[in-house]
Amino acid sequence: MKINVKAYPLLHAVPIVVVGSKSDDRMDFTTVGDVAVISLIPAMMMISLHQDHYITELINESGKYSINVPTPELLDEVDACGMKSGRAFDKSQLFTTTVDEDGYIAIEEAPVTLYCEVFEKVQVEHRVLFLARVVKSFIEEDYVIDPECEGSLDLTGFQTISYGMDNHYYAGGGEPIGTGYQEGESIIESLEDESEFNIID
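Counted from 1, the sequence shown has number 191 at position 191 by the working numbering; the numbering is strictly sequential.
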């Protein structure tokens with residue numbers, strides 16, 4: 001028998017991605033669980049961000065963002081990315097990043113990156129939903145069966161990070177691998193102590 005617990009968006013487990021955006025000479029990354037596929041054909045995605053976040057400001061200005069899909073090996077960096085504001089720290093230092101000619105930024109260590117161009121913005125209470133068309137999709141060549149055949153992929157060994165909705169843990173391959181807002185603490189502390197984390201005025 002099912003029990004009524006509370007009104008809760010109980011989709012377990014939530015996929016974790018790192019969203020990046022760049023406006024002029026400013027860039028930021030943030031950890032996001034509020035991400036969804038709008039449509040397969042045409043390829044469209046959606047993310048939901050807090051209206052006051054720095055990344056929201058950059059996407060509003062640029063009209064574009066990247067969705068980077070990390071593996072469990074990046075857990076500490078991914079967790080750290082969601083613990084500090086981009087207004088206070090340059091979070092691009094957590095990863096190896098690239099910028100293309102159109103201003104899209106990507107995380108090299110993430111095996112999948114989607115370049116997304118915003119076509120509509122929707123404000124829902126304190127959240128901003130950015131609906132976007134996927135203009136380019138990149139994936140590590142190890143997962144490509146035939147480069148000449150579009151969609152010829154083998155993702156059977158592809159490990160992603162998901163977030164447990166019951167007690168705020170990270171999972172990889174279905175097994176718990178860490179706790180939210182704890183795995184990245186050592187990175188934040190070491191960078192702050194050693195002054196390696198560039199502080200943005």
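Do not rely on the hints blindly, as some may be mistaken.
[What the hints assert, rightly or not] Straight-line Cα separation of at most 30 Å, DSSO-like style, residue types lysine-lysine; simulated pairs:
hint	residue 1	residue 2
1	Lys-2	Lys-84
2	Lys-136	Lys-121
3	Lys-84	Lys-121
[Claimed, not checked] Ranges between beta-carbon positions, derived for each pair:
hint	residue 1	residue 2	range
4	Ser-85	Glu-117	21 to 29 Å
5	Pro-15	Val-144	17 to 25 Å
6	Ile-145	Thr-179	21 to 29 Å
7	Glu-101	Asn-60	38 to 46 Å
8	Leu-155	Ser-186	24 to 32 Å
9	Arg-26	Gly-157	31 to 39 Å
Note that these hints are calculated values from the structure, not bench results. No experiment lies behind these values; they were computed from the predicted model shown. Glycine included, each C-beta is placed from N, C-alpha and C at the ideal position.
Discussion item. Of the numbered hints stated earlier in the document, which are not met by this structure?
Written reply: Violated hints: 1, 6, 7; rest satisfied.
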